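Colleague: Next come the chains, spelled out residue by residue.
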Amino acid sequence: MTNNKVKIKTEKLDVFYGQKQALKNVNLEIFNREVTALIGPSGCGKSTYIRCINRMNDVIETCKISGSIKIDGQEINNKQIDVVRLRERIGMVFQKPNPFPKSIYDNVAYGPQIHGLADHKDKLDQIVQTSLKKSALWEEVKDRLDEPGTSLSGGQQQRLCIARAISVNPEVILMDEPCSALDPIATAKIEELMEELKKTFTIVIVTHSMAQAVRVSQRTGFFHLGNLIEVDTTDKMFKNPNNKMTQDYITGRFG
Amino acid sequence: MNLAILLLVVLFSTSCFFFGRKKIIKITSENKIRPNALPDYYGYYLALWCAIPAVLILALWTVFEPTIIKAIIINNLSSNNLSELNPDELNLVYQQIIALYAGNFTGTITEEIRLGAENYKSFLSIAEGSKIVILISFLMFTTLYAYKKLISNNKAREEVEKIVKAVLFTCSLVAILTTIGIIFSLLFESIKFFTTINIFDFLFGTSWSPQRAFVRDASTITPEEYNELKDAFGSVPLFAGTAFIAFIAMIVAVPIGLFSGIYLAEYASKKVRKYSKPIIEILAGIPTVVYGFFAALTVGPFFREFGERFGLEVSSESALAAGLVMGVMIIPYISSLSDDVINAVPQSLRDGSYAVGATKSETIKKVVIPAALPGIVGSVLLAVSRAIGETMIVVMAAGLAARLTINPLESTTTITTQIVMILIGDQEFDSPKTQSAFALGLTLFFATLILNYIALRFVKKYREKYE
Chain A
208 MTNNKVKIKT EKLDVFYGQK QALKNVNLEI FNREVTALIG PSGCGKSTYI
258 RCINRMNDVI ETCKISGSIK IDGQEINNKQ IDVVRLRERI GMVFQKPNPF
308 PKSIYDNVAY GPQIHGLADH KDKLDQIVQT SLKKSALWEE VKDRLDEPGT
358 SLSGGQQQRL CIARAISVNP EVILMDEPCS ALDPIATAKI EELMEELKKT
408 FTIVIVTHSM AQAVRVSQRT GFFHLGNLIE VDTTDKMFKN PNNKMTQDYI
458 TGRFG
Chain B
2 MNLAILLLVV LFSTSCFFFG RKKIIKITSE NKIRPNALPD YYGYYLALWC
52 AIPAVLILAL WTVFEPTIIK AIIINNLSSN NLSELNPDEL NLVYQQIIAL
102 YAGNFTGTIT EEIRLGAENY KSFLSIAEGS KIVILISFLM FTTLYAYKKL
152 ISNNKAREEV EKIVKAVLFT CSLVAILTTI GIIFSLLFES IKFFTTINIF
202 DFLFGTSWSP QRAFVRDAST ITPEEYNELK DAFGSVPLFA GTAFIAFIAM
252 IVAVPIGLFS GIYLAEYASK KVRKYSKPII EILAGIPTVV YGFFAALTVG
302 PFFREFGERF GLEVSSESAL AAGLVMGVMI IPYISSLSDD VINAVPQSLR
352 DGSYAVGATK SETIKKVVIP AALPGIVGSV LLAVSRAIGE TMIVVMAAGL
402 AARLTINPLE STTTITTQIV MILIGDQEFD SPKTQSAFAL GLTLFFATLI
452 LNYIALRFVK KYREKYE
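Residue numbers (the numbering used here), protein chains in the order written: chain A, 208 to 462; chain B, 2 to 468.
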């Protein structure tokens, strides 16, 4: 690994939804400017885990989180942290593309506007353009920026959502099964894009596709029933995992 | 008598149901074949074939019996010794005959009337008898027909489904025909009115005082009389008053309703929502007449006293009081509907907004409300239609004098109020004063129709696709 700086570190992370424990004592380190893939069967807590990192679980009333989540050494799992600033630093892309019912331009300009990142129109235009370029969508939409974001195809919509996420210049991008609603061609585009994005951002991706994890990630974590079973470099995880369960899962014997 | 027949038909068709079901089970089990449908369908098949034609005949008979008897009796009368009477007089004699038959005739009984009453009595008993005979024979016939089909194990399921479809279609047809009927009755009376008063004078005249319009015969109006008459029927003050009061109502209802809808949908905890939503919806269940006296007896006088302290002259029946109370009445429509449309905005949009670091209010303002806007606008326009059509509150609290004013402290009047004023009490239906109510009703109908149409178009055009 070229860059061994730890970006996100969770210790003894427990998450409860009401009575149900979704994560059990998860200790995981995510490294800077790398793609970390989280795999595991449905309901194992992968999505819960990444939703802890940008505190999206706050939206759910019954959710209780205990333990430590540190970003660049700073504890974020406490009441003092400003969630709005935190989410500006940690962007998120969801399973289903969810562009706002606004124009393509406004979809991307939304973040910079609410955070006051652009003090005049030219600056905003520039941010929108760079974000769309970074998300490899610019060439396809540059002539129709004022059309509704919902008019794009599924794969384009997802790249629009990536553009929206990177428009506020975050440090980390969390991706929650970003390709599960897309066809293989759109998926390939997004994967290509991630290769590019990891030069600037730290990426955590939840995926159900082993092949995708192998293609895009440098490290992989395997979750099962709320436990982090094993985490290692993707290479090692898929060639020679330490744990029998990991072995079974990646070879398709269960899950 | 009809009730007894109806009861018998129902009883008979119920027994047909059980009989048909049993029969098909027996037939199919004896022949070791599978019935084409569940046994219940055969029961229904027989019962419906028994009941529907009988009920139809009964209904038609009841509708046409008096007309036919009347025609026969009048025919008798005019072919006998009363041939010199004109139809109106014959009609009178017929009424006397019926009165004598019913035992509440008070005049002198002439030979014709006595004979006529006897005739009437015998006709009635003949009609009664033939009705029962025809009904029973028809019922037997259709039931037997259905029975024959039944024992040949026909496709009862399809037939029953067809009948069900036909019944449902008839019910929706009734609703549509009623609407069309109402429109036409409005239209015909309005056309009568517009033959007296020019439609443009009605639509654009600025003075309304139908009390002073006395017209004996519409065909003999001189131009001078007409000039005076058209000043009695200028509807602009009414439309202005209606729009004005509706406007005041919307100023009250839109912000309060919308904000409470947003609170309920976005901020309120489940518990608060569970209790507060029904309470707000109770507002919609309060009869408008209760709002009316609240407006007339509490709010109106309060404004007058309040205004007096500042040296303002406030009429005790003011547009402000009526509009305010109407606004309160409308709040639940807007809040409840906008709560629903806001709830329908997918959570994924909110998540998307939170994920770039938007606060709750930013998310609501910039993502949720724009996404829900078509629904919100629709609910507001629906509320406007209600405000325009509302009657009781304005009758009680807004006043009767038609004047063009934009001072909310003065009394004003609305279309609905004037319709009420025109139509209460005894009316002659050929005077333009009475007919003007229909013209007002028609115009109001068109106004709300256009509004609803715009609302629908708006909602359709700007409906955001969430996905």
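Don't take each hint at face value.
Chain A is nowhere near these chain B residues, computed Cβ spacing over 10 angstroms in every case [as the list claims (entries may be wrong)]:
(1) Ile28
(2) Leu61
(3) Asp202
(4) Ser270
(5) Val300
(6) Ala345
(7) Val357
(8) Val368
(9) Phe446
(10) Lys462
Label pairs and their computed distance ranges (CB to CB) [what the hints assert, rightly or not]:
(11) B:Ile280 <-> A:Arg292: 37 to 45 angstroms
(12) A:Lys330 <-> B:Phe459: 28 to 36 angstroms
(13) A:Lys330 <-> B:Gly308: 47 to 55 angstroms
Quick partial rundown of chain B residues pointing at chain A, CB under 8 angstroms, derived from the structure [claimed, not checked]:
(14) Ala356
(15) Gly358
(16) Ala372
(17) Arg387
It should be emphasised that the hints constitute simulated quantities derived from the structure, not laboratory data. Values in this document were obtained by computation on a predicted structure and should not be read as measured data. Just so you know, even glycine gets a beta-carbon here, dropped at the ideal spot from N, CA and C.
Colleague: Would you mind marking each hint as holding or not holding in the structure?
Modeller: Taking the hints in turn, this is what the structure says about them:
1. Against chain A, the non-interface label of B:Ile28 holds: every CB pair exceeds 10 angstroms, the least being about 54 angstroms.
2. Non-interface call for B:Leu61 relative to chain A: holds, since the shortest CB-CB distance, roughly 56 angstroms, exceeds 10 angstroms.
3. With a cut of 10 angstroms on Cβ distances, B:Asp202 stays outside the contact zone with chain A, its closest approach being about 48 angstroms.
4. Against the 10 angstroms criterion, B:Ser270 falls within the reach of chain A, whose nearest CB is about 8 angstroms from its own CB.
5. Under the 10 angstroms C-beta cut-off, the non-interface status given to B:Val300 relative to chain A holds; the minimum distance is some 40 angstroms.
6. The claim that B:Ala345 lies off the interface holds: its Cβ sits roughly 12 angstroms from the closest Cβ of chain A, which is beyond the 10 angstroms cut-off.
7. Its closest Cβ contact with chain A, about 4 angstroms, brings B:Val357 to no more than 10 angstroms, contrary to its assignment away from the interface.
8. Interface exclusion of B:Val368 from chain A breaks down, the closest Cβ pair being 5 angstroms apart, not more than 10 angstroms.
9. Chain A leaves B:Phe446 outside its interface by the beta-carbon criterion, the shortest separation being 35 angstroms against a cut-off of 10 angstroms.
10. At the 10 angstroms boundary, the C-beta of B:Lys462 stays outside the reach of chain A, the nearest C-beta of that chain being 13 angstroms off.
11. Hint check: B:Ile280 to A:Arg292, Cβ distance near 39 angstroms, so the stated range 37 to 45 angstroms holds.
12. At about 35 angstroms, the beta-carbon gap between A:Lys330 and B:Phe459 stays in the expected band of 28 to 36 angstroms.
13. Evaluation of the 47 to 55 angstroms hint for A:Lys330 and B:Gly308 yields a pass: the beta carbon distance comes to about 54 angstroms.
14. The criterion of a C-beta within 8 angstroms of any C-beta in chain A is met by B:Ala356, whose closest approach is roughly 4 angstroms, and the hint holds.
15. At a threshold of 8 angstroms, the smallest CB-CB gap from B:Gly358 to chain A is about 4 angstroms, leaving the interface hint in force.
16. Using the Cβ-Cβ criterion of 8 angstroms, the hint placing B:Ala372 at the interface with chain A is satisfied: the shortest such distance is roughly 5 angstroms.
17. With its C-beta approaching chain A no nearer than about 28 angstroms, B:Arg387 sits outside the 8 angstroms limit, and its interface hint is violated.
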